[in-house]
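If you're matching them up, the sequences are chains A and B in order.
Start counting the first sequence at 1; every next residue gets the next number (the working numbering).
Start counting the second sequence at 1; every next residue gets the next number (the working numbering).
Hints are computed from structural coordinates only; laboratory data are not their basis.
Treat each hint with caution, since some may be false.
Said to hold, decoys possible - Ranges of calculated distance between the beta carbons of each label pair, as one might list FRET restraints:
#1 Phe242(B) with Gln94(A): 27 to 33 Å
#2 Trp129(B) with Leu43(A): 35 to 41 Å
#3 Gln94(A) with Phe124(B): 25 to 31 Å
What the hints assert, rightly or not - With a straight-line cut-off of 16 Å between C-alpha atoms, the simulated EDC-like cross-links for lysine to aspartate or glutamate are:
#4 Lys11(A) with Asp127(B)
#5 Lys187(A) with Glu99(A)
#6 Lys133(A) with Asp127(B)
#7 Lys202(A) with Asp192(A)
#8 Lys263(B) with Asp87(B)
#9 Lys209(B) with Asp199(B)
#10 Lys99(B) with Asp199(B)
#11 Lys62(A) with Glu152(A)
#12 Lys95(A) with Asp183(A)
#13 Lys133(A) with Asp87(B)
#14 Lys288(B) with Glu99(A)
#15 Lys205(B) with Glu152(A)
#16 Lys263(B) with Glu55(B)
#17 Lys133(A) with Asp146(A)
#18 Lys263(B) with Asp127(B)
From the three backbone atoms N, C-alpha and C, an ideal C-beta is built for every residue, glycine too.
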Amino acid sequence: MFKWLEKNLPKIVMAPAVGLIGWFVYGFVLWTLYISFTNSKILPKYELWGFGQYEKLWASRKWLIAVDNLLIFTALFLIFCVVIGIILAIFLDQKIRAEGLLRTIYLYPMALSFIVTGTAWKWILNPTLGIQKMFRDWGFENFTFDWLVDREMAIYTIVIAGVWQSAGFVMALFLAGLRSVEDEIVKAAKIDGASLFTVYWKILLPMMRPVFFTSFVILVHISIKSYDLIVALTQGGPGISTTMPALYMTQTAFHKSQVGLSAASAMMMFMAVAAVIIPYLYSELRRENAR
Amino acid sequence: MQDSFKSSSYQQLEQKSKYTNMFLRWFLYFILILFASYFIFPLYVMVVTSLKTMEEIRQGTLLSWPSGLNLESWAVAWGGRGYGAGDTFLRPYFWNSIKMVVPAVFFSTFIGAMTGYVLTKWRFKGDQWVFLFLLFGCFIPFQAILLPMARTLGVLGISNSVIGLVLVHTVYGIPFTTLFFRNYYISVPTELVKAARIDGAGFFKIFFKILLPISAPIIVVTVIWQFTQIWNDFLFGSTFSFGEAAPIQVALNNMVLSSTSVKEYNVDMASAIIAGIPTLIVYVLAGKYFIRGLTSGAVKG
């Protein structure tokens, strides 16, 4: 008995972690998947109902708006984060004074919660006392910046705050990537007469392919799950104009008590994430095995 | 003749490139500082707004300097105005968050260290699959587990409590802590462990005598990562815990949304800073470890 215990001790130590993840991740996802095929309202029902919830979901105007917003947000969020992140990383890589301080400033938003930063942006962007008033007080009397309360434009305020929060992170990834390149490569190119611009554009940036890939995966992941920022900044409004899938899911589940429908929306999010993550994991594993 | 012409034009060129270089250098700093101001702007606005009176806020602009060190809105944000109903303030929720974050960070870090240790030093058949199995938990969008989690917490009788949140954060922290420790221990030479085993050291002795003493860096990375994630969490907090047991982020959001009468932006900003200051301090003090965690654990549900 003691011998057996000793021999299997490592597995016994692993068991709680595996059990917890098995139950709380895999079991729960499967449960959600099952419920998405039922006609559950406030309480879960267990008789199958087919794809009804998914049909309902894709017929819902609010969900379509949420998906639309997600696409707009993801595209802009990706472009701006990556462009700003690369510019900052390359500029910081030029033996800059006070680099440490600048890096700290660029990255500190990542240490704050979206609720904290959302609260700050909401105050800055509000038309009565925020930026709009600031410019008007400075003499630009017709200056208007009321995106936060404009149905058409409110989604872009979420982009502004989201980019502000995450661009520094992309900077950190690219800076680490650039620093890991051998100096010799850059030196050799410079001796051959390549300008600094050519060195970056033709040599270094193409070498950063894995970093692009990682940033892409991380940013898309952040944007699919974005929830806190919207709650803090717009609560999905004005109206439902800034609803996103994560917000739709919780509202449908906990305010509207449409458990089956919200499970269907959760599974759509799950699949979207899987579509991005599985190729990523696959390529990462292949890289690790190749080493 | 031709030679001297050549060299003077070369000099000119060099002179010119010196100027271009200097110009580029200035341009570089200009852009860097421009972005720095964009990043610092909201923090600056938060701090100065929290120090103003409402009157000053209406009179001045976002950027204008406060007339003095007016800490009243901080006092209100932290301890309330002192009248009964409807007086929400952050102090109790701050303690809720502490009570939630300390055990959750401890348990998830401990479990992660153990699984990371087994996965690298006591390898068994199929351990790679077990790692992958755990790793997948890093990536799921939490919306896919919210509904069953809410029911489970209800069945266990710990919904709407700090204990419930400790459980949730511990469980969903395990994939990350495992990832951190596994990637760290994999670079520790296995010979050390083998030698100790030959000397008769057991499973736990090897862990506590050999692995743990050299684990300080990864423990710091993991603790900072978990602390930041759990302190800043809003989704779990707002779904599983409201009212009395809410963590600080939920309380902050309620406070900002629920001001019934006049909007008090100075109190809002003071509250936001209070809710953000613990993670900000950790970031400033241990930025290096924070970034290490960030770049290795960033794909987060």
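Right, here's what the structure says about each hint:
1. Phe242(B) with Gln94(A): 27 to 33 Å: About 50 Å separates the Cβ atoms of Phe242(B) and Gln94(A), which means 27 to 33 Å is violated.
2. Trp129(B) with Leu43(A): 35 to 41 Å: Holds - the Cβ-Cβ distance for Trp129(B) and Leu43(A), about 37 Å, lies within 35 to 41 Å.
3. Gln94(A) with Phe124(B): 25 to 31 Å: 50 Å, violated
4. Lys11(A) with Asp127(B): The given pair, whose Cα atoms are some 10 Å apart, holds under the 16 Å limit.
5. Lys187(A) with Glu99(A): 22 Å, violated
6. Lys133(A) with Asp127(B): Roughly 60 Å separates the two Cα atoms, so the pair is violated.
7. Lys202(A) with Asp192(A): 13 Å, holds
8. Lys263(B) with Asp87(B): The given pair, whose Cα atoms are some 14 Å apart, holds under the 16 Å limit.
9. Lys209(B) with Asp199(B): 13 Å, holds
10. Lys99(B) with Asp199(B): The hint is violated at about 42 Å.
11. Lys62(A) with Glu152(A): The hint holds at about 15 Å.
12. Lys95(A) with Asp183(A): Since the Cα atoms of Lys95(A) and Asp183(A) sit roughly 13 Å apart, the hinted pair holds (cutoff 16 Å).
13. Lys133(A) with Asp87(B): 30 Å, violated
14. Lys288(B) with Glu99(A): 14 Å, holds
15. Lys205(B) with Glu152(A): 63 Å, violated
16. Lys263(B) with Glu55(B): The given pair, whose Cα atoms are some 12 Å apart, holds under the 16 Å limit.
17. Lys133(A) with Asp146(A): 10 Å, holds
18. Lys263(B) with Asp127(B): Violated - the C-alpha atoms of Asp127(B) and Lys263(B) are around 56 Å apart, more than 16 Å.
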